[in-house]
Amino acid sequence: MLELKNLSFTVENEDGSGSLDIIEGLDLTIPDGKFVVITGPNGGGKSTLAKLIMGIEQPTGGQILYNGTDITNMSITDRAKLGIGYAFQQPPRFKGLTVRSLLSLAAGKELPEDECCSYLTRVGLCSMDYLNREVDNSLSGGEVKRIEIATLMARHLDLAIYDEPEAGIDLWSFAMLVDTFKKLAKNDTNSVIIISHQERIMQLADEIIVLANGKVQSQGPKDEIFPKLLTEFGSFSNECTLRGEGK
Amino acid sequence: MELKDFKFDSTLTPTDQHMLREIADMIGTPDGAFNIRKNGEGVVKSSTDNIEIRQKADKPGIDIIIKPFTVAEKVHIPVIITDSGVQETVYNDFYIGEGANVEIVAGCGIHNCGDGDSKHDGIHSFHIGKNAIVKYVEKHYGDGDGNGKRIMNPTTVVNMDEGSYCEMDMVQIKGVDSTYRKTEANLADNAKIYVLERLMTHGKQEAKTDMVVNLNGEGSSAQIISRTVGKDDSVQVFYPNAVGNNACHAHVQCDSIIMDNAKISSIPAISANHPDAQVIHEAAIGKINSDQLIKLETFGMSEEEAEDIIIQGFLK
Ligand SMILES: Nc1ncnc2c1ncn2[C@@H]1O[C@H](COP(=O)(O)OP(=O)(O)OP(=O)(O)O)[C@@H](O)[C@H]1O
Ligand SMILES: [Mg+2]
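Residue numbers (my numbering), protein chains in the order written: chain C, 202 to 448; chain Z, -10 to 305.
No lab work stands behind these hints: they were computed from the structure. These numbers come from a predicted model, not from an experiment. Backbone N, C-alpha and C fix where the C-beta goes; we use that ideal spot for every residue, glycine too. Check the hints yourself; a few may be wrong.
Claimed, not checked - With a straight-line Cα cutoff of 30 Å, these simulated DSS-like cross-link-like pairs (lysine-lysine) come out:
| # | chain 1 | residue 1 | chain 2 | residue 2 |
| --- | --- | --- | --- | --- |
| 1 | Z | LYS305 | C | LYS296 |
| 2 | Z | LYS193 | Z | LYS63 |
| 3 | C | LYS282 | C | LYS387 |
| 4 | C | LYS310 | Z | LYS163 |
Said to hold, decoys possible - Calculated Cβ distances over 12 Å to all of chain C for the following chain Z residues:
| # | residue |
| --- | --- |
| 5 | ASP158 |
| 6 | ASP221 |
| 7 | ASN235 |
| 8 | HIS240 |
| 9 | LYS284 |
Could you put together the complete structure from these sequences and hints?
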């Protein structure tokens, strides 16, 4: 279980003219086995929240508890060892590292070829074409993004956070991805947090959190929040046209 | 590399064999022609029908003569220094006949457990015949816990005839205290050279590289890639210079990762003396990308482990 208590993240303005609250006194509990989707406007603080949970950013106030332990001051490495993981919104590339070795590094052990392949297949990549390719600039944005998701799958995490996994991914791979997440959602021991703007991903959620201006704007079971979002925005995704919703 | 059984001369100690493995991937006697030089003298030498290794009469070093159209053969010419205080200048001349296709594995290892400085200055010259293809691999390595320095100053001149191709892979990853590398290449019509230089310095090491590529021939081309990592208090200075004297292409790319208190300078020069010469230089020096570090830490690695992985990949 993940508990955020009065969590804040404030940055000083570069010119010393004051400070900016990016996350403001956030209280949030994510029980085990839940599939949570966080959505909300650009700049609302979603990625920052994920980085605070992973330890990439340090909160300026409040506490993070994981299974009852205070991890607020714990390093990224130690949080990773507790089974927390984060798939970046914009994953870095690695010159000289192959997809296969990156997956193995993620898993923490040398992975057999067939296991690597199964992770790649889950994100819609034909594994034979990619296994020995370097994760460098020769890969497209969507490819890097999907490899990033595969590395998280290879880690078998207790708490996995995916930051806009759908971004830059074509429709065919997206369908595959939704399927993969659907299977993750069925697993009720591990928690998954997905930051997403996609209604097909929101529909998989147990719970939806809307984050805006660094605060929770609304939060609740999917069946409660999702219809509200629909009435508020009509359709807010490019890809889905709310087939059947308008009848 | 195919290996025969151990047939090493009894003068090769376990340290020697460790050095040979580090610098030339040699485990046992290699197939093909070879020459092993140890502490200032040749200890084992073997020629083949197509590749003759000849001791120089007038100065230290060897001539390596490769017959025209010799195909798919290898030459190993490693040098090791295990006595403290050995200082030598060695001249190796390679004559690669027309249409030959060979791989040359050089390399130098210094193991210094004493107080005297050990130094190997290798002066290499290559005469690469028409349409010949040469792959040259050179690894520099040092170890031993003495106070004596491990110094290597290689000078390499590559003369390339029409249509020849040369690939040079030069690595210095560990243990060389001071190095001043000079490389010159002269390219005739349609000659192509590819140079990959990889270097890591640590402690108080110093490394300096001068490289001049003269693209004299029409249609000649050069690709020079330098990847380096500077750690601790080490210092690196690069002077790559590509000179286009004809219709040619040259691309020089220097990337460095800087860490700790290291100092790295990259001082490139490019010149074109012909309207159809195209000469490009790119250089970048920077810290390890923090996103890469963070990503690996989210896999449960410590910062040091993550740095090592990134550096290994960068220098691969
Ligand atoms: N270190 C920082 N310094 C200054 N501003 C920051 C910093 N980190 C984040 N911000 C700002 O905080 C806000 C929230 O950023 P964040 O990346 O968390 O948004 P997001 O909800 O993930 O948006 P998107 O949907 O576009 O990915 C943005 O306005 C951003 O510019
Ligand atoms: Mg974001």
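Evaluated hints:
Note on Z/LYS305 and C/LYS296: the hinted pairing holds, with a Cα-Cα distance of about 9 Å set against a maximum of 30 Å. Between Z/LYS193 and Z/LYS63, the direct Cα distance comes to roughly 36 Å. Violation of the 30 Å bound is thereby established for this hinted pair. For the given pair, C/LYS282 sits about 24 Å from C/LYS387 by alpha-carbon distance, which is consistent with the 30 Å threshold. Proposed proximity of C/LYS310 and Z/LYS163 is supported: the alpha carbons are some 27 Å apart, at most 30 Å.
Under the 12 Å C-beta cut-off, the non-interface status given to Z/ASP158 relative to chain C holds; the minimum distance is some 14 Å. The beta carbon of Z/ASP221 is kept farther than 12 Å from every beta carbon of chain C, the shortest such distance being approximately 22 Å. The beta carbon of Z/ASN235 sits about 31 Å from the closest Cβ of chain C, which is more than 12 Å, so the claim that it is off the interface holds. With a closest Cβ-Cβ approach of about 16 Å to chain C, Z/HIS240 is found to remain outside the 12 Å limit, as its non-interface label requires.
With a cut of 12 Å on Cβ distances, Z/LYS284 falls inside the contact zone with chain C, its closest approach being about 5 Å.
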